[in-house]
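Fit chain S to the given chain V structure using the hints.
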Amino acid sequence: MAKLETYKPIQARVAPKDPIKIKSDTLRKLLKDKRAVVCILFLVIVALIGILAPLLAPFDPEEQFYESILQGPSKEHLLGTDAIGRDVLSRLVYGVRVTLTVSMLAVAITFFLGTFIGLLSAYVGGWLDNVLMRIMDILLALPSIILALAIVAILGPSLTNAMIAVGVASIPGFARLIRGAALSIKSSGFVEASRSIGSSHSWILRRQFLPNVAGVLLVYTTLFIGVAILDTAALSFIGLGAQPPTPEWGTMLSEGKNYMYDAWWLATFPGIAITIVVFSVNFLGDALRDIFDPKSTR
Amino acid sequence: MKHFIINRVLSGILVIFGISVFSFLLIHFIPGDPVKIMLGINASPEQVEKLNHHLGLDKPLLVQYWQYITNAFQGDFGTSLKTGRPVLIEILDRFPETVKLAIFGLFVAVVIGVSLGIVAAKFKDSFIDKMCTAFATLGISIPSFWLGILLVLVFSVKLAWFPIANGTGFRDLILPAFTLGVVASTMIMRLTRNGMVEVLSNDYIRTARAKGLDDGLILFRHALRNVLIPVVTVIGLQLAALLGGTVIIEQVFNWPGLGTLAIGAIMSRDFPLIQGIVLFMGVMYVTINILVDVLYSIIDPRVEMGTKEA
Numbered sequence: 001m002a003k004l005e006t007y008k009p010i011q012a013r014v015a016p017k018d019p020i021k022i023k024s025d026t027l028r029k030l031l032k033d034k035r036a037v038v039c040i041l042f043l044v045i046v047a048l049i050g051i052l053a054p055l056l057a058p059f060d061p062e063e064q065f066y067e068s069i070l071q072g073p074s075k076e077h078l079l080g081t082d083a084i085g086r087d088v089l090s091r092l093v094y095g096v097r098v099t100l101t102v103s104m105l106a107v108a109i110t111f112f113l114g115t116f117i118g119l120l121s122a123y124v125g126g127w128l129d130n131v132l133m134r135i136m137d138i139l140l141a142l143p144s145i146i147l148a149l150a151i152v153a154i155l156g157p158s159l160t161n162a163m164i165a166v167g168v169a170s171i172p173g174f175a176r177l178i179r180g181a182a183l184s185i186k187s188s189g190f191v192e193a194s195r196s197i198g199s200s201h202s203w204i205l206r207r208q209f210l211p212n213v214a215g216v217l218l219v220y221t222t223l224f225i226g227v228a229i230l231d232t233a234a235l236s237f238i239g240l241g242a243q244p245p246t247p248e249w250g251t252m253l254s255e256g257k258n259y260m261y262d263a264w265w266l267a268t269f270p271g272i273a274i275t276i277v278v279f280s281v282n283f284l285g286d287a288l289r290d291i292f293d294p295k296s297t298r
Numbered sequence: 001m002k003h004f005i006i007n008r009v010l011s012g013i014l015v016i017f018g019i020s021v022f023s024f025l026l027i028h029f030i031p032g033d034p035v036k037i038m039l040g041i042n043a044s045p046e047q048v049e050k051l052n053h054h055l056g057l058d059k060p061l062l063v064q065y066w067q068y069i070t071n072a073f074q075g076d077f078g079t080s081l082k083t084g085r086p087v088l089i090e091i092l093d094r095f096p097e098t099v100k101l102a103i104f105g106l107f108v109a110v111v112i113g114v115s116l117g118i119v120a121a122k123f124k125d126s127f128i129d130k131m132c133t134a135f136a137t138l139g140i141s142i143p144s145f146w147l148g149i150l151l152v153l154v155f156s157v158k159l160a161w162f163p164i165a166n167g168t169g170f171r172d173l174i175l176p177a178f179t180l181g182v183v184a185s186t187m188i189m190r191l192t193r194n195g196m197v198e199v200l201s202n203d204y205i206r207t208a209r210a211k212g213l214d215d216g217l218i219l220f221r222h223a224l225r226n227v228l229i230p231v232v233t234v235i236g237l238q239l240a241a242l243l244g245g246t247v248i249i250e251q252v253f254n255w256p257g258l259g260t261l262a263i264g265a266i267m268s269r270d271f272p273l274i275q276g277i278v279l280f281m282g283v284m285y286v287t288i289n290i291l292v293d294v295l296y297s298i299i300d301p302r303v304e305m306g307t308k309e310a
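If you read the sequences in order, they're chains V and S. Position one of the first sequence corresponds to residue 1 (full-length UniProt numbering), numbered consecutively onward. Position one of the second sequence corresponds to residue 1 (full-length UniProt numbering), numbered consecutively onward.
To be clear, the hints were calculated from the coordinates, so they are not data collected in a lab. Honestly, I wouldn't trust all of these hints.
In the SDA-like style, the derived pairs of lysine to any residue whose C-alpha atoms are separated by at most 25 Å in a straight line are [as the list claims (entries may be wrong)]:
1. S:K124 <-> V:D290
2. V:K29 <-> S:T133
3. S:K82 <-> V:L155
4. S:K36 <-> V:K29
5. V:K29 <-> V:G50
6. S:K82 <-> V:G239
7. S:K158 <-> S:L173
8. V:K186 <-> V:N130
9. S:K124 <-> V:I291
10. S:K130 <-> S:V110
Given the structure is predicted, the values throughout are model-derived calculations rather than measurements.
If we strip away everything but chain V, and leave its shape as in the complex, we get:
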């Protein structure tokens, strides 16, 4: 251990970039990009709406107004009411909580397991890399929605299981991307140098791999948030995710589909909400990609 301490200054010199400098550079570039700033501001507002839902929503999301069933947008109910007289705006506001929490947790599953598998595969290499990547290839060979359906089939339909399904179904793609990014770092001189002077594996992984794949991680995690929101809503829409009366956007759309001839607003507003949020996330992801991975084509 003491030996490692002695070598630390040398390792710091051979490491390519100073992580603190990367952070401030990135932040400056990000703040220069108007579309990124607008997207961040918008997403912060959406998150605040979710957090402050009980204060902002005009009514309880499950309160039923029997006298105004399937009523169009009006002064009392700005976005109208549904088939059992619940206020659509209140359900939409509470839906931010459900939709964002579930999607973020799904992304967390993808992020941690995907990063772990990708880094391990790239760093260890050899047979472990081969085995892990063949398993990922098999899972990637199935369209992600089929994989997610298979997982829901195993676990049974529920919001938690849909979240796990969406998270797990995205792991193979994520792990492959991270492995690709990590492989290019593995072959760089500074990792070789650290190894040759006896740095521990965990030090190299923590201090050299992670900071250098951080940009790629940030870009793909952001883009995966959009995918997770869409996929979770899709599973709820087909009845395999959130179950009524949970105010989840996909479930609301599914309920709205049944009344689209009489009540256009039921299927319209949740759809707009999903589209705007996912659009902002994707726009932000694109802006981040321009900063971290300018060579990649979209």
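For chain S alone, coordinates are given in the frame of chain V:
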């Protein structure tokens, strides 16, 4: 070239073997007793034992897999618990409808994607280009099932131009195919645009312009041909993706394809049918991907160089 094709086919076979193991294990991944879950809580012990025996779950795992895979090779994917019909018949009944939808969806995607890609490249960095890029981002952000609902609302309910989702005729096909196509067109559009922008800056295009050739001729005869190779690959891959992508759209339009079958099977916990669909879709997907790769290597021999990095 031969080496590449053999390699690709062998790796495909390995992946199909993996998918067969995954689909076989599905039933074993279920927490608790799968047979009790399939039969429900009111099932008698005799019924449980009978189904256990029928599905072969009372045999050792390796024997079960061997039986599963040899039966599958003979076209026997088991029997649907819900309908009592062979799984393969159930799948083959629905598959043509899914293929029809995917192919028409792909057609729409190619028409929209390639034309918008060309327009965006022609007017690079202009307002039109920015609009096309925004369309591409919107295309991947909009939930396909919501787009489908919107189209039904506008074109079937309000304008009454198309029938309201209940048949499988040509007129019934237009809205679901358009929904699928719009979402799938975004990738084709981006690729066409980026390829065109790159090609249009080449010397031979400048020469063609200097010769006074017509802009349209330069775009379609000189530039587009060179852009199309990667675009054709993506189109092939999109077909495979669309076969999976129809799952949700089928629900919106009550389309009697594989997706509707799969969701029904999950709801009724009909595991032999779920396993069959997963295996079937996996094999389809892998086969299309191999065919696309092989075709690509024939069209553009340089592709072999890229295989080493995988």
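Structure-based check of each hint:
Between S:K124 and V:D290 the CA atoms are separated by roughly 18 Å; this keeps the pair inside 25 Å, and the hint holds. Among the hinted pairs, V:K29 with S:T133 is consistent with the structure: their alpha-carbon atoms are about 21 Å apart, no more than 25 Å. Of the pairs offered as hints, the one joining S:K82 and V:L155 holds, with about 19 Å between alpha carbons and a cut-off of 25 Å not exceeded. For the given pair, S:K36 sits about 58 Å from V:K29 by alpha-carbon distance, which is inconsistent with the 25 Å threshold.
Under the criterion of a C-alpha separation no larger than 25 Å, the hint pairing V:K29 with V:G50 is inconsistent with the structure, at around 28 Å. Restraint check for S:K82 and V:G239: satisfied, since their Cα atoms lie roughly 19 Å apart, inside the 25 Å limit. At roughly 18 Å between alpha-carbon atoms, S:K158 and S:L173 fall within 25 Å of each other, so this suggested pair holds. Distance restraint check for V:K186 and V:N130: the Cα-Cα separation of roughly 16 Å lies within the 25 Å cut-off, and the hinted pair is therefore satisfied.
Of the supplied pair hints, the one linking S:K124 and V:I291 holds, its CA atoms being roughly 21 Å apart against a limit of 25 Å. With a C-alpha separation of about 20 Å, the suggested pair S:K130 and S:V110 falls inside the 25 Å cut-off, and the hint holds.
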